[in-house]
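Chemist: One letter stands for each residue in the lines below.
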Amino acid sequence: MRINVTFWSYFRDHAGCSETVVELETGATLAKLHEIVCEQFPKLAGARNSALKAVGMEYESDDFVLSDGDDVSFFPPVQGG
Amino acid sequence: MKTELTITTDPIDEPALAKRRAMGDGMGAVVCFLGVVRGSEGDKTITAIEYEAFEPMARHQFGLLFDALGQRLPVESVRLVHRIGVVPVNEPSLWVEVIAPHRAEAFDACQFLIDGMKQKVPIWKKPLPV
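Protein sequence lines correspond, in order, to chains A and B.
For the record, in the first sequence the residue sitting at position 56 is 56 according to my numbering, with numbers rising by one throughout.
Counting the second sequence from 1 gives a position; my numbering is that position plus 1000.
Worth flagging that the hints you see were computed from the coordinates, not collected in a lab.
Errors might be hidden in some of the hints.
Unchecked claim - Partial list, derived from the structure: chain B residues whose beta carbon lies under 8 Å from chain A: (1) Lys1019; (2) Leu1034; (3) Gly1035; (4) Arg1038; (5) Ser1093; (6) Leu1094; (7) Met1117; (8) Lys1120; (9) Val1121.
Virtual Cβ for every residue (Gly too), placed ideally from N, Cα, C.
Please build the complete structure, drawing on both the sequences and the hints.
Modeler: Here is the structure:
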């Protein structure tokens, strides 16, 4: 399945791009996607523990099971205000 | 509870916002909060902060916060403006207005919204050096 990945804030700088597509096996979790993303974009691995993850517009945990075509965002802690 | 959310690159126009204030006869408290860009970030002097939002998700998360607030406190209305893009030092990036029957609820609600925003709403800042 194909997952659309978007990076926000300085994660975009670390990745060197704002979007990418990741191929995953059916039933893969958000944790697996995060692992692959950190392998593909090693500069993101340093912020692995502080990264926030959203599927669509909702925050999801590592055990969330992804579906083909999901839009996943990775970003650092938010700083509004 | 009435809610109004604005995410904009325009400067926050406090007088215009105040002019549009509407409150019921039973309301006794209006709390307004302004978040203003400081001239330093850590030990560095800056000229501005550039705010970036994942806007659809930011709107959604603000909506969830407003829903949670409505269930928690007797608030008549909330208006919230977050400026994004480049916001110069001394200019506001955030304006929040809460109208409630009493000051305790109004202050609590304002604090609740800002605390929630800083945990959940996907907006980030990038300080711009001198």
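Chemist: Against this structure, judge whether each hint is valid.
Modeler: Do the hints match the structure? See the list:
1. Lys1019: 24 Å, violated
2. Leu1034: Cβ of Leu1034 of chain B sits 10 Å from chain A, so the hint is violated.
3. Gly1035: 5 Å, holds
4. Arg1038: 12 Å, violated
5. Ser1093: 7 Å, holds
6. Leu1094: 5 Å, holds
7. Met1117: It holds, given that the least Cβ distance between Met1117 of chain B and chain A is near 5 Å, below 8 Å.
8. Lys1120: 7 Å, holds
9. Val1121: 5 Å, holds
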